[in-house]
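Undergrad: Sequence:
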Amino acid sequence: MNIDFNTFTEKSAFAVQEAQNLARRHGQQEIDVWHLLLALVQQEGGIVPSLLERLQITPAAVQLATQREIDKLPKATGSVNVSQIYVSSALQQAISQADNEKTMLKDEFVSTEHLFLGLLSAESSSKLGQFFEQFTLDHNRVLEVIKTLRNGQTITNRNPETTFEALEKYGIDLVEQARKGKMDPVIGRDEEIRRVIRILSRKTKNNPVLIGEPGVGKTAIVEGLAQRIVRGDVSEGLKDKTIFA
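In the numbering used here, each residue's number is its place in the sequence shown (first place is 1) plus 1079.
Keep in mind that the hints were calculated from the coordinates and are not lab data.
Nothing here was measured: the structure is a model prediction, and the numbers come from that model.
Warning: the hint list may mix true and false statements.
Here are the in silico distance ranges between beta carbons for each label pair [to be verified]:
(1) R1310 to Y1165: 47 to 55 Å
(2) K1226 to I1082: 25 to 33 Å
(3) N1085 to V1288: 41 to 49 Å
(4) K1318 to T1283: 14 to 22 Å
(5) N1179 to K1318: 22 to 30 Å
Lysine-lysine pairs mimicking DSSO-like chemistry, simulated, CA-CA at most 27 Å apart [said to hold, decoys possible]:
(6) K1318 to K1185
(7) K1318 to K1282
(8) K1297 to K1261
(9) K1226 to K1261
(10) K1226 to K1320
(11) K1282 to K1320
(12) K1226 to K1318
(13) K1261 to K1320
(14) K1185 to K1282
(15) K1261 to K1318
(16) K1297 to K1282
(17) K1206 to K1151
(18) K1282 to K1226
(19) K1226 to K1284
(20) K1320 to K1185
(21) K1297 to K1284
(22) K1259 to K1226
(23) K1320 to K1259
Glycine included, each C-beta is placed from N, C-alpha and C at the ideal position.
From just these sequences and the hints, can you work out the full model?
TA: See below:
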């Protein structure tokens, strides 16, 4: 299979190359979906580990389980040269699907999240599907997190990860803080919080504005909303959403 890496981001091209290296290091001639999955999950500074963490899935656990699957794959006798390595049909399908994901998300380059979505859609590998089920991973869940991380942005260059991680780098995820119990309970602000939820749930004119002098409790209202999101005590459209400050 010929892959045009000119249409890939730097990290996605590196992930495919690392998948080949993993196959060779394990003495395996066929680059399979498992090699690419491991390359994505263990990629330093990559999007996939962040996606897993947002889904409350430990990347190290997925990495260990994927390594076990790689260890089960057939090995060649003797050393494996690059010229002897070929791509499995399941991986070909996953990479083709990644290109489709790029198009559907209106992106210009295939990125690591497209590759991950492609693996989640690899219908020719039922074992991979069962593997993802063990971690409650599915295409729609991951796609929703990707959209949240992107915040409406599309991929227009070969190094988009730094842009998509800007919120996490410079902001504070209030929902994650609430989930970890790092916030004090919010008391006496139920009416204001409900009003914010109603405004955010509208189809139009859905931008609430909190106005007041410092110390009147604007932050408490937002923190109360974050705590409600964690509890699931919000409208359907706000469930699993994130608040950055």
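Undergrad: Now tell me, hint by hint, if it's right for this structure.
TA: Each hint tested on the structure:
With their beta carbons about 50 Å apart, R1310 and Y1165 fall inside the hinted range of 47 to 55 Å. Look at K1226 against I1082: about 26 Å separates their beta carbons, and that is inside 25 to 33 Å. Between N1085 and V1288 the Cβ separation comes to about 45 Å, which falls inside the hinted range of 41 to 49 Å. For K1318 paired with T1283, a C-beta distance near 21 Å keeps the hint of 14 to 22 Å intact.
Between N1179 and K1318 the beta carbons are some 28 Å apart, a value that agrees with the proposed interval 22 to 30 Å. Among the hinted pairs, K1318 with K1185 is consistent with the structure: their alpha-carbon atoms are about 25 Å apart, no more than 27 Å. Annotation: proposed proximity of K1318 to K1282 holds, straight-line Cα distance about 16 Å (limit 27 Å). Proximity of K1297 to K1261 is assessed by CA-CA distance (about 18 Å); at most 27 Å being required, the pair is judged to hold.
For the hint pairing K1226 with K1261, the CA-to-CA distance comes to about 26 Å; that is within 27 Å, so the pair holds. In summary, the hint linking K1226 to K1320 is supported, as the alpha carbons are separated by about 10 Å, within the 27 Å threshold. With a CA separation close to 16 Å, the supplied pair K1282 and K1320 stays within the 27 Å bound. Distance check on the hinted pair: K1226 and K1318 sit about 14 Å apart at the alpha-carbon level, within 27 Å; holds.
Between K1261 and K1320 the CA atoms are separated by roughly 18 Å; this keeps the pair inside 27 Å, and the hint holds. Among the hinted pairs, K1185 with K1282 is consistent with the structure: their alpha-carbon atoms are about 23 Å apart, no more than 27 Å. For the hint pairing K1261 with K1318, the CA-to-CA distance comes to about 20 Å; that is within 27 Å, so the pair holds. Simply put, K1297 and K1282 have alpha-carbon atoms about 24 Å apart, close enough for the 27 Å limit, and the pair holds.
With a CA separation close to 12 Å, the supplied pair K1206 and K1151 stays within the 27 Å bound. A hinted pair counts as satisfied when its Cα atoms are at most 27 Å apart, and K1282 with K1226 qualifies at roughly 18 Å. The straight-line distance between the Cα atoms of K1226 and K1284 is roughly 21 Å, inside the 27 Å bound, and the hint therefore holds. Distance check on the hinted pair: K1320 and K1185 sit about 22 Å apart at the alpha-carbon level, within 27 Å; holds.
Restraint check for K1297 and K1284: satisfied, since their Cα atoms lie roughly 20 Å apart, inside the 27 Å limit. Of the pairs offered as hints, the one joining K1259 and K1226 holds, with about 23 Å between alpha carbons and a cut-off of 27 Å not exceeded. For a cut-off of 27 Å, the pair hint linking K1320 to K1259 stands: about 16 Å separates their Cα positions.
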